[in-house]
Amino acid sequence: LVKKEEMGLTSSLRFRRRNNKTFLRIFIILVLSCIPGRTNLCSNHSVSTPIDLPPSNPPHTRSTLDSLDLEGYISFDDVHNAAKDFGNRCHSPPLAILHPRSVSDISSVMKHILHLGSTSNLTVAARGHGHSLQGQALAHRGVVISMESLRSPDIK
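95 is the number that the numbering used here gives to position 85 of the sequence shown; each next residue is one higher, with no gaps.
Hints in this document: simulated from the structure, not taken from any laboratory.
Be aware that a few hints might be false.
[Stated by the list, open to error] Computed spacing ranges between beta-carbons, pair by pair:
hint, residue 1, residue 2, range
1, Ala136, Asp79, 19 to 27 Å
2, Met157, Ser73, 23 to 31 Å
3, Leu42, Leu124, 41 to 49 Å
4, Arg111, Gln144, 23 to 31 Å
5, Thr133, Tyr83, 18 to 26 Å
6, Met120, Leu40, 38 to 46 Å
7, His139, Lys31, 40 to 48 Å
8, Arg27, His101, 43 to 51 Å
The structure presented is a predicted model; accordingly, all values stated were derived computationally and were not measured.
All residues carry an ideal CB built from backbone N, CA and C; glycine is no exception.
Build out the structure end to end from the sequences listed, making use of the hints.
Structural data, given as structure tokens:
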């Protein structure tokens, strides 16, 4: 009885080994068929026409951000480096870059953006050295907070 069970066990192992290549081929085909067709993994927008894109920020948004009383400063012109991630896979230009000198600068800007409401279409991203995998440190038409300016030990 024991030998019959062992023979049955070995025959099933032989069957599995013979069909292992077939199983792997089918598995690889299934996995590859699940890969999305779009290659821009940095964007959460599908490929669309300009009509489908959300409207840009209202014109007064820049002036209201510029009027904030901050210890640091907001840059609107030199946004080239903040528009790309570390691996240069993604490119998404922000409206502005906040260079805070204190945590209260970050708080003031965040409160201001919340006060503007959802109609401003402003997004916010904290950015250290831009080492995000798929553009998480980017804020398309939003505000990038450059955390590098908080390096000093006298953070308030």
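Results for each hint:
1. Ala136 / Asp79: 19 to 27 Å: Since alanine 136 and aspartate 79 have Cβ atoms about 21 Å apart, the given range 19 to 27 Å holds.
2. Met157 / Ser73: 23 to 31 Å: With a Cβ separation near 25 Å, methionine 157 and serine 73 satisfy 23 to 31 Å, so the hint holds.
3. Leu42 / Leu124: 41 to 49 Å: 44 Å, holds
4. Arg111 / Gln144: 23 to 31 Å: Holds, since arginine 111 and glutamine 144 (Cβ atoms, about 30 Å apart) stay within the stated range.
5. Thr133 / Tyr83: 18 to 26 Å: 20 Å, holds
6. Met120 / Leu40: 38 to 46 Å: Given about 44 Å between the Cβ atoms, the range holds.
7. His139 / Lys31: 40 to 48 Å: Given a distance of about 45 Å, which is inside 40 to 48 Å, the answer is holds.
8. Arg27 / His101: 43 to 51 Å: Since arginine 27 and histidine 101 have Cβ atoms about 49 Å apart, the given range 43 to 51 Å holds.
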